[in-house]
Amino acid sequence: MGVRSVRELEVEEEAEEGKEEEEERRKRRARRKSRRRRIEREKVERERTIGGLLNAEEGAEGGHREVMVWTRHLHDLFQTISGVKSHPD
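Numbering (the UniProt record's numbering), first residue to last: 1 to 89.
In case anyone wonders, no lab produced these hints; they're calculated from the structure.
Think about it this way: if two alpha-carbon atoms lie no more than 20 Å apart in a straight line, the pair counts; the simulated SDA-like pairs of lysine to any residue are:
| hint | residue 1 | residue 2 |
| --- | --- | --- |
| 1 | LYS19 | ALA30 |
| 2 | LYS19 | ARG7 |
| 3 | LYS27 | ALA15 |
| 4 | LYS27 | ILE39 |
| 5 | LYS33 | VAL44 |
| 6 | LYS27 | ARG37 |
| 7 | LYS33 | LYS43 |
| 8 | LYS33 | GLU23 |
Bear in mind that the values here come from a model prediction, so they are computed numbers and not experimental data.
All chains, please: the whole structure from these sequences, using the hints.
See below:
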C-alpha cells in the first residue's frame with residue numbers, strides 16, 4: 001500500500017458520492033413507480049367496486065321489475081279465475 005495523492009483520494013470520494021447519489025435516485029424512482037402502481041391498483045379496485053354496486057343495483061331493479069310483471073300476471077289470473085275479470089282471448 002503506497003501513499004496516495006490527495007487527487008486520487010478526491011476522485012475516489014467523488015466516485016463513492018456518485019454511487020450513493022445514484023442509489024438514492026434509484027430508490028426514489030422505485031418509490032414513485034410503486035406509488036403509481038398502488039394508486040392505479042386502488043383506482044381499478046374502486047371502479048370494480050362501483051361497477052359491481054351499479055350492476056347489483058341494476059340487477060336488483062331488473063329483478064324487481066320482473067317480480068312486478070309476474071305479480072301483475074298472477075293478479076290478472078286470479079281475477080279471471082274468480083270471475084271478476086273476463087278472460088282475454
